[in-house]
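Protein chains: 2
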Amino acid sequence: MRNCIVAQSGGPTAAINASLAGILEENERSGYFDRIYGALNGITGIFDRRFLDLTAKMDDDPAFTKKLAITPAMYLGSCRYKLTADTEDASVYEDIFSVFEEMEIDSFFYIGGNDSMDTVLKISAYAKKTGSSIKVLGIPKTIDNDLMHTDHTPGFGSAAKYIAASLREVWHDTMIYHVKSVTIVEIMGRDAGWLTAASALAREDETTAPHLIYLPEKPFSVPKFLNDLHQLLDNQDNVVVAVSEGIRDKDGNYLSAGVSTSDTFGHSQLSGAGKALELLVKEAFRVKVRSIEVNILQRCAGHMASKMDLTEAAALGAHAVKCASEGLSGHMMIIDRLGNEPYTTQMATYPIEKIANGVRSVPLSFINEEGNDVTGEMLAYLRPLIEGEPKISYKDGLPEYLSVRHLIKR
Amino acid sequence: MRNCIVAQSGGPTAAINASLAGILEENERSGYFDRIYGALNGITGIFDRRFLDLTAKMDDDPAFTKKLAITPAMYLGSCRYKLTADTEDASVYEDIFSVFEEMEIDSFFYIGGNDSMDTVLKISAYAKKTGSSIKVLGIPKTIDNDLMHTDHTPGFGSAAKYIAASLREVWHDTMIYHVKSVTIVEIMGRDAGWLTAASALAREDETTAPHLIYLPEKPFSVPKFLNDLHQLLDNQDNVVVAVSEGIRDKDGNYLSAGVSTSDTFGHSQLSGAGKALELLVKEAFRVKVRSIEVNILQRCAGHMASKMDLTEAAALGAHAVKCASEGLSGHMMIIDRLGNEPYTTQMATYPIEKIANGVRSVPLSFINEEGNDVTGEMLAYLRPLIEGEPKISYKDGLPEYLSVRHLIKR
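So the sequences go chain by chain: W and B. So the first sequence is numbered by my numbering: it starts at 3 and just counts up by one. So the second sequence is numbered by my numbering: it starts at 3 and just counts up by one.
So here's chain W without its partners, still in its complex pose:
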């Protein structure tokens, strides 16, 4: 028997299950693996011996991979678990490899973001060190688009599409009244501004939102921001501002406001940048101000997934199966962009040690000099990634996704 284990880790995206579907479909073509097991809740599923036989799922339902590919979040569940170095404690590694042996595992695929690639690095290095022939490969996913050495990451395109569509609808909502108003939209991305930049795709023409865009890659100055706003409000009624949750001043301090309950057991915490800017703008201008936090739907809105994103996510999963069959280990699958007109890419690989624990920020050439918008180069980069709409099946008026009841721990 030649089997493999797949697991998912990190935060959810609309595309991570498409990579899993890509693995299953490629193996259906090639027949390289006899059985494909899904470990539940990432690497912890191996510790706890919690597995799903995905080949059996495919046998039971011929449409399984099609449904899987459009189901958002994580069919196999996730975990937040950092492996300690094997030099400190080898017992965890011994446990993992004893499971591999017992289950006749040939390859281990880990679909995830930065932290997950650290796990791929450590397990593949341990395999090499101990002379194990088991292949360990990483498949990227993160809405943050901040993994090194890949043109972009699966999950980003769908999140970008959701954000751009939301901003477009927020603009239509905002401009119905003739009163001066400022709407501040806070978007995810603590260290990299890719998702906030995607808000620029919402523009229908030069009058439409967003009118100002601030990314964490450039220091945020409150006086400069108020001045930017002031100039716009002189000429138009409604201004929409897109800000990354990660904007910070030149000394690296995040913008935030305090929140506390008024009762005696009052608990307090910090709000995000959007709320802090809302309060600042209210103080500075006599206009209607609202802040909107684009909520977790930006990472799990399957109903607004990008077809291009799902297609590429599946292609990376398929590529991982091919690479494993050719004996590759210790690499992450990457997307190389070959050109924009027409948009063409190829699936490739990169050594995992050069990827794990790095962060890919937005290049400064993608941000305008004033630091309040993105450039044409950024738009050209983003546009192909949100193209196309996958066929989502609706039942009783709602998107129909695969059940994830198997994730409930009894």
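These are computed hints drawn from the structure, not numbers from a lab. Be aware that a few hints might be false.
Since the list gives no way to pick one copy over another, a pair counts as held whenever it fits inside one copy or between any two copies.
Derived EDC-like pairs: lysine to aspartate or glutamate, alpha-carbon spacing no greater than 20 Å straight-line [said to hold, decoys possible]:
hint, residue 1, residue 2
1, K324, E206
2, K84, D117
3, K130, E355
4, K182, D50
5, K309, E391
6, K356, E389
Once you have looked at the hints, place chain B on chain W.
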């Protein structure tokens, strides 16, 4: 010449432009009006003489009404303007009717919510009093579903669909980790709980979200809420709670938390119920807690509009044209539900004086005895309203809506 004016007022919905499209399409069939004018920004468009010739728009683009029907928010813009009684100041009314005369207006249609129906009441009463033959009719729209004497209101079904789809995706997002977590989702509806109730449609089976639902129609008790949560957390990892922004205690006090900036120019304000509950739950349980405010997309997410909602909104617009041609004035169009299996309705009318300024709350038989869920009766009421998906055209990966540049005041 026999012309009419249409205007829109109140908050945006995904269906209000479908009612406008219904007026245009019915008139194309019947030819009753020569020209249909849109007043920009509600009744204030009449004061300011800001009109759009909608018949000309149709002549210019044969697909105009199709595009209009799926464009969210308000193509004609809105206003918040309450007419003073003509007994206090008749000059505003004289101005309106002088415009009507000048433009050879036969009928005036106002599409809106509660406040807009007050305007319909006053203008129709003034017409009657002064012996004017001008017909004034109201066409309902509000995501809040709280207008009297209609089974439901256009805009509600689309908002309900968006909320249910969001809750389903939030559930998939939430349950990927095996840590005890509470997710509180705050939904619009200050006085009526219809929208919050719609979250119940998200359930795929008895394990899925939302697990608790609180509407403003029943007093909210913090100890009872914490007890409800406690019981659930004993048996499952992830709990999702749907609460109306309008929940209040038995003395009528809204739940809220204070928010303030920490800087010296600190401004402060109140947060919503979701944030207040988040802080309370953090205090009471050692679990991961998050609150999510379903943002303004719940009222303007054209990309998740209900086909049933758009169809009914258009039918009410069409019905208004028929009623005007038959000489009716001082009424609002309503939807009568004839049955649920199959779902059948008829468009009808109701005297405006019995509608304006009333609020239709959720009947107590639609809420369970414990006050933490809805009943099967509510689900049967809601289900047909979110049925079907309209064909949305996408361009460059995003929903393509009609431009609203004409709303920009020069």
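- Non-conforming hints, listed in increasing numerical order: 1 and 6
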